[in-house]
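Sequences and hints are given; from them, build the entire structure.
Position 71 of the sequence shown, counted from 1, bears residue number 73 in the working numbering, the numbering being contiguous throughout.
Rather than coming from a laboratory, the hints here were simulated on the basis of the structure. Don't take every hint at face value.
Claimed, not checked - Cut-off 16 Å, straight-line C-alpha distance, at most; resulting in silico cross-link-like pairs (EDC-like, lysine to aspartate or glutamate):
| # | residue 1 | residue 2 |
| --- | --- | --- |
| 1 | K22 | D67 |
| 2 | K46 | D93 |
| 3 | K13 | E80 |
| 4 | K22 | E80 |
| 5 | K22 | E103 |
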Amino acid sequence: MEIGDQKLPIKMLNDRLLVKIPQGESERRSTGGIVIPATAQISKRLTWAEVVALGQNVRAAEVGDRVLFSPDDRYEVEVGGNDYIMLRERDLHAVAASRIESNTGLYL
3 MEIGDQKLPI KMLNDRLLVK IPQGESERRS TGGIVIPATA QISKRLTWAE
53 VVALGQNVRA AEVGDRVLFS PDDRYEVEVG GNDYIMLRER DLHAVAASRI
103 ESNTGLYL
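See below:
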């Protein structure tokens with residue numbers, strides 16, 4: 003974070019996560035190959051994002067994990083010219099990481 007020409011470190015608090023939606027995730031392709039723009043509304047579609055920072059009380063995710071959340075639960079913030087999304091841990095629906103046991107039968 004910059005105040006004037008001074009940069010300050012940022013510490014995430016409590017159960018908050020800072021995530022970034024990977025480039026290219028904004029638009030999707032249908033199974034037939036049709037490009038669906040990010041502006042197209044699909045009701046209740048969940049979104050994957052990568053965790054870049056988290057508060058000390060977050061237990062289910064780690065930096066670098068991919069998390070699934072509802073776009074309705076998000077708050078957007080700009081840090082250093084990049085856009086991020088602020089979430090609470092309770093707003094996560096799933097976590098994808100290599101350290102998680104593979105007994106679910108689902109893979110990314």
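Outcome of the hint check:
{"no.": "1", "hint": "K22 <-> D67", "result": "11 Å, holds"}
{"no.": "2", "hint": "K46 <-> D93", "result": "14 Å, holds"}
{"no.": "3", "hint": "K13 <-> E80", "result": "15 Å, holds"}
{"no.": "4", "hint": "K22 <-> E80", "result": "11 Å, holds"}
{"no.": "5", "hint": "K22 <-> E103", "result": "24 Å, violated"}
In summary, the structure is inconsistent with hint 5 from the numbered list given earlier, while agreeing with all the others.
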